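Asker: Just so you know, the protein sequences line up as chains A and B, in that order. In terms of the working numbering, the first sequence is residues 48 to 377. In terms of the working numbering, the second sequence is residues 217 to 542.
It is possible that part of the hints are untrue.
[Said to hold, decoys possible] A short, non-exhaustive set of chain B residues, derived as facing chain A with CB atoms under 7 Å:
| id | residue |
| --- | --- |
| 1 | 341 |
| 2 | 403 |
| 3 | 429 |
| 4 | 436 |
| 5 | 473 |
| 6 | 477 |
| 7 | 482 |
| 8 | 486 |
[As the list claims (entries may be wrong)] Sample of chain B residues facing chain A (criterion: CB under 10 Å; computed from the structure):
| id | residue |
| --- | --- |
| 9 | 302 |
| 10 | 474 |
| 11 | 481 |
| 12 | 489 |
In case anyone wonders, no lab produced these hints; they're calculated from the structure. Since the structure is predicted, the reported quantities are computational estimates derived from the model, not experimental observations. Don't be surprised by glycine CBs; every beta carbon is placed ideally from N, CA and C.
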Amino acid sequence: MSEAPLIVADELQCLFTVRRGPVEFIRGKASRIHAVDTVSFTLERAEILALVGESGCGKSTVGRMLVKMEEPTAGALTFAGETVNALSGARLKEFRRRAQMIFQNPFEAFDPRLTIGTSLQQAMQIHNIGKDQHDRLQRIVTVMERSGLTPAEDFLSRYPHELSGGQSQRIATVRVMLLSPEFVVADEPVSMLDVSVRADILNQLLDLRDELDMGIVFITHDLAVARYIADRIAVMYLGMFVEVGPAEEILANPRHPYSQALLSNTLPAGDEDRITEPMPIGGEVPTPVDIQPGCRFANRCPFAFDRCFKETPILQAHGGKTEVACHLLG
Amino acid sequence: MSESLLELRNVSIRYRTGRGHVSAVEDVSLQVPTGASIGLVGESGSGKSTLALALMRLLPQNAEVTGEMIFAGENLVTKTESQLSKGWRWRKLAMVFQKSLAAMSPVHRIGQQMEDVLTIHEPHLTKPEREQRLHDVLTSVRLPNRVLRAYPFELSGGMMQRSMIALGLLCNPPFLIFDEATTALDVITQTQILKEIERLKAEYNLTTIVISHDVGVINAVTDTVAVLYAGQLMEVAPRETFFSNPQHPYSQALISSVPRLRGEKTRLAGIPGSLPDLTNPPQGCRFAPRCPHATEGCLAVTPPLVEVAPGHLVRCTDIPLREVVA
Ligand SMILES: Nc1ncnc2c1ncn2[C@@H]1O[C@H](COP(=O)(O)OP(=O)(O)OP(=O)(O)O)[C@@H](O)[C@H]1O
Ligand SMILES: Nc1ncnc2c1ncn2[C@@H]1O[C@H](COP(=O)(O)OP(=O)(O)O)[C@@H](O)[C@H]1O
Ligand code: SF4
Ligand code: SF4
Ligand SMILES: [Mg+2]
Ligand SMILES: [Mg+2]
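For reference, chain B alone in the conformation it holds in the complex:
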């Protein structure tokens, strides 16, 4: 197994708000080997974007990060803003945002915005070198050069999403986060973009984190799935295991909430209830209020994340029990 490009050690993130502290990410530890593609899934509000923004060090002022995020041997948490903007952000780690339209200025041409990014992060490049780079990255996401002269509103959803990926790739980062990069696109555009991502991964040995609540996307482009619920990692599993034999009750509920293209049509179970109030999260297992297997023991202590098989971690006290039953 290759060395980890990124390692999260006991990362917790809180937002200070008028209502108290929102515990958005709680004690997350995760290894991301070079060349890996980690899928991050979980309901809206479970902390996926918060974690991604923390890696980019782009969290808002009211956020507090504790723990360590070791990237290529250095702790991102303690880097200063001036260190980050010189040679880290966009150069070493880049991100394609959930709200892609919001990430680009509506009043400037795409090409101008991309050039600005290059001028800031790679000031040594000459004008022809910058132009060459723009041309190369557009080619790699199969966009015509005319996109450079377009304003964001002139592009279709699919072209805009590709432009955002191009922006992410602009400084050749070894690590890229996709936050719902294909959500709300139609299936044909989505397939095209996911294929691009696969190709880029192979070509540049990119390491990626792919955030999506679409398990189809996760299935298509990741090798490991990490399930986040109310800020806690509930399960980390090789992709095949996650889909064929998920162990955590929350993972099982997520998978059985998705309608299928084939097979018997049964009523979707859904997951009754909703995420707990993160200013006052429940004691013990955060999923307990919604869990069909919850016992009193689950409310007492937070279950540890246990390795049940190589590379397969589960945070649930009920696991041994159900294995005996099965």
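Extracted from the complex, chain A is given alone in its bound form:
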């Protein structure tokens, strides 16, 4: 029997009820925001899946559900064959070590009142890693120096506010390594960093995957970054996956109009030409309140036709490994 996949997300849904927001104010009733609506996918060990899409499309919410920082409104999540929804007690604590999250804003990751050394030691202690204080310190120093944070002692006595963005993000990655998780969600971990630091962090994550067989869900709005790090890409729009498949396949031949818009609007980073003329799509991601049937991209899609406003397209394969949710493909 083959090993269970690392992650199985089965129709995950996350609705937020807006109590006193502007929407309720206008409509005079409570509204529901469909932050994530029936997202399903499988992630194997040592696999990296990139979630891409505009801000507000639900990427972070998916990420938070995967590490149980947010409870799904509906749907099931399985981690290494075990149902996550009902975990509690020791099993939950074990899950909290095995599944980690790296944040966009590295400053959020550490308690501002503790030195970096204390924070890292505490994290290890909570999960019973290392024999004693001395052993833990030893491991911290080794991992930090391997990550280019030298001399490590220099950083251990610092407080989070005494670090640059790049240094904090490197240390957040160090913490992940110390806990040796099997699964990591990295939520835009490099979008605020310099290109040089960004390259280092991406390489660090790739090395972790190779050394620990770690599975990673990597959230980004940069398709070139997604291509560099991921095996597969899932393009999200308004809470749904609209296209999922091997990274190279999606970049070479994006089939969903929204994927096409994203790719054609990505600026070339060198002397190469643009892939195609940027596809103009108007407006911004609307807030997914009180969703009606039909394609959620229809009001911005240049190819929308009658059916798109009536019937919600379902994610399906049309030959090849990529799945697309669009009526244009039949």
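Given the structure of chain A, go ahead and fit chain B with the ligands onto it with the hints provided.
Answerer: Only chain B with the ligands this time, still in chain A's reference frame:
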């Protein structure tokens, strides 16, 4: 070639701190012709915002500027605050800030804040004239008039960024600095804003300095690229040359740190090490501690900025050597 609207002559900027003097910008000389668009790139902490704030004369109290910044024939460095606030800042030079949310008051409506700027800088305008101006500038960045009644937190990132550009354009300045104006926006909004910038440049013959660590942005909207490292200009090159044939080892490292959408996928090289401590910068070439081509000679003297081709300046002693090799 048209005349320079702005010329920096040996500009150095230091911050006095408890740990000593931070040498944030060191001996920068640069010509900015009328209508040009200069891209300023370099790692975080390399002095880009410091230079921009110096031009706006908005540096904090602990900063010291030496050298000359000649703008339309006048030296900005020696202008008094009262001269600057009457008819210079926002009228002749304006800036779109890196932290756009921080630049606007969260408790006042956007329209009110814009009107205040106009009242201060163009007191001769009547109320209807002010309203007309607000309407015009919003139209030029494609924002609906309702934005005027909104508070900053009610706008999306893209709309907020457009509002900031509108604020920059409010007094029709001939010169505008964009400091990371599209960083952290998604690609679709970014493309829209960059298109606006291009259009405004063509329409008003704007001269711009665009600061970004996103080389894609630099590639899209500039004609000349200036590379700043640890406060020193390392390379100034026409945009095409910068991307196709960068000469300085730091420029080469920057470009090869960026993942690409196409082509072979190879491991990104990155740039090992980090910026030097600017309270005690290394002798000689400031990039030497991280440079793969460094020799002892590089540590001895600061290499001069040499013109290797028309409009292409490089600060590196190793350049002739590598040309012979190539
Ligand atoms: N008010 C200040 N007091 C002391 N040092 C400062 C001050 N402001 C900036 N610096 C220092 O000056 C150097 C240049 O900073 P600057 O903000 O200009 O960098 P930057 O290139 O704009 O970076 P980023 O890409 O992060 O915006 C850094 O070493 C920074 O720590
Ligand atoms: N706690 C919350 N309450 C209400 N709405 C939320 C909450 N968290 C997220 N949302 C909404 O859900 C949608 C998706 O948000 P998010 O997952 O943060 O997107 P992304 O990470 O792609 O920027 C957005 O419309 C956002 O405003
Ligand atoms: S289903 Fe229709 S509206 Fe949706 S992406 Fe396809 S063509 Fe566009
Ligand atoms: S001068 Fe020397 S250290 Fe500096 S960039 Fe050139 S080769 Fe490298
Ligand atoms: Mg997010
Ligand atoms: Mg800056």
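Asker: For every hint, state whether the structure bears it out.
Answerer: Checked hints:
no., hint, verdict
1, 341, "violated (32 Å)"
2, 403, "holds (4 Å)"
3, 429, "holds (5 Å)"
4, 436, "holds (5 Å)"
5, 473, "holds (4 Å)"
6, 477, "holds (5 Å)"
7, 482, "violated (10 Å)"
8, 486, "holds (4 Å)"
9, 302, "violated (38 Å)"
10, 474, "holds (4 Å)"
11, 481, "holds (7 Å)"
12, 489, "holds (8 Å)"
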